[in-house]
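Residue numbers (my numbering), protein chains in the order written: chain A, 1024 to 1278; chain B, 5 to 310.
Please keep in mind that the hints were generated in silico from the structure rather than gathered at the bench. It should be emphasised that the depicted structure is a prediction, and the values quoted were computed from it without experimental measurement. The beta carbon of each residue, even a glycine, is placed where N, CA and C say it ideally should be. Treat the hints with caution; some may be incorrect.
Said to hold, decoys possible - Taking lysine to any residue pairs in the SDA-like style, the calculated list, with each CA pair at most 25 Å apart, reads:
#	chain 1	residue 1	chain 2	residue 2
1	B	Lys143	A	Gln1114
2	A	Lys1113	B	Glu92
3	A	Lys1113	B	Leu246
4	B	Lys143	A	Ser1240
5	A	Lys1113	A	Tyr1042
6	A	Lys1113	B	Gly42
Claimed, not checked - Computed beta-carbon distance windows for the label pairs:
#	chain 1	residue 1	chain 2	residue 2	range
7	B	Arg110	A	Arg1044	41 to 51 Å
8	A	Ser1027	B	Asp169	51 to 61 Å
9	A	Arg1269	B	Val289	53 to 63 Å
10	B	Thr214	A	Leu1026	47 to 57 Å
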Amino acid sequence: MSLSVPHAVAVWRRNASMYRRIWMLNILPNFFEPVLYLLSIGIGVGAYVSQMGGMSYAAFLAPGLVCVAAMNGASFEVTYNIFVRLNFEKQYDAMLTTPIQPDDVLVGEILWAITRSSIYGTCFFIVVALFGLAPMPEALLVLPVIPLTGLLFAAIGIAFSLRIQTIDLYSFYFTLFLTPLFLFSDVFFPLKERLAGGWLWVAEALPLLHPVRLARSAFAARADLTALWDVAYIALLSTALLLWARGAVRGRLMS
Amino acid sequence: MIVEVRGAVKRFGERVAVDGIDLDVPAGICFGLLGPNGAGKTTTLRMLYGVSRPTAGTIRVFGIDIARDPRAVRARLGVTLQENVLIEALSPLENLRVFGRYHLLREPLLSRRVDALVDFLELRSHATMPVQRLSGGFKRRLAIAMSLMNEPELLVLDEPTTGLDPAVRLALWTRVRDLRARGTTVLLTTHYMDEAQRLCDRVAIMANGTIIAQGPPAELIRTTLAPEAVEIDCDPEEESALLDGTPPPRHRLRTGRRVMLYVDDATALVDRLHQRDPGNRRALVVRPTNLEDVFLRLAGTSLEGA
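Using the sequences and the accompanying hints, generate a full structural model.
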């Protein structure tokens, strides 16, 4: 109903001022996760794999892990952090005593989650490039995929956060949703070589599959109709979830 | 009128939180909304700044319909919520700056306001320390400072001193008086009647979602009870013998063994009671009638009226 961009930016800046203070505690653990996978699986296990998808295993892993880094960055922000701000700290109740409206809160938080996911994804991309696993300059095409991944997982996570009543349910979200996505979304092995035809269609429902496929195309400097479908999937699912979240935020903050 | 409420009703499903209230807060006064927990005070405030939409009735603040333009209203008022909402990892200075940005303040105005409020609420000594290390009184002062970042014409304080020690309460009362002296209209809720009596030019007493009395504290005391209160311990059977021959009080209230008598002049009554209880075993107390008595008289369910 009413979005004011300057007020959404004020919400974003609140998180940014806090992040500047605590980023050492916050960014490092989540950021190291894909780095550790790259070292262990890519370089360790990869030494025993002659090649995958027509390249070294580490090179195969690299684009998918960029998306995983972006997914993690957005996910931590819109799960535990938002839940605490909403239910324990009542930060949004204080914001709503100023001209800020619920729409501004939602947009500010989504922008912030995208920002954090972009920080993670880009840092990890730099690591990958330093390892010599990103063909330059074509791999730079992955950079716009990073905020798209952030948007998608910000929308999914915020919808989940608005549905749940207790913070304990996030263990389900991480263990039974994000971890399977991470393991089965074309990151570690080429999905289409391991799945039978019918199941391949089911796999299209996996959210992480689409950013990973886009990242892979970017690294290979390849563009096709699938890429168009991947972008459309991300845009449509994010839009649908955010439209629902808009009503839910209003319902939670105003009564 | 700064605040004009007409027939406001708020229902949550079956439960009626606010049941048709009218409220007028003129400019420049300190107005108190009193009542026990659950009386509907906080819901009333939430409707005033537009985060709770009334089921029926209209609310105008600064002459603006809050349902029409909540942003315009909230740009001109400040609210201190019942529970402090602070960013614990940041310092008071950083908290104030973040809050100032919610009002779209920019430099150099932002820093100037922060600086002035740090002085006004005496936050200088711990201004750069993380909030999580500050005392309860300090945090409360910071929360109030944050709600003043936009130099509000109307300051809303939801139970400003609950849980604070007497020294901090006194200091906050002084600040509220300062603000009022500068022309800020103050609307506060409290269930401390002494706080209301000291600070407020007008009060409204709420119970069960309705306003049961409204007016200046002294006038409420005068019209509801009488200026002096005499308290004494006695059983109901002893009471008539004890009071025999004294002029009947304007009102009396009893709670357990304690009886409170409200009279225009206590001298004669006190003399008589002293005669009949020379050792003062009945713990006689004479004091001015206060809003607490008014509240007990109007809303007290466990008490019987005279």
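Point to revise | Structure versus earlier hints - violations, ascending order | key: 3, 4, 7, 8 and 10
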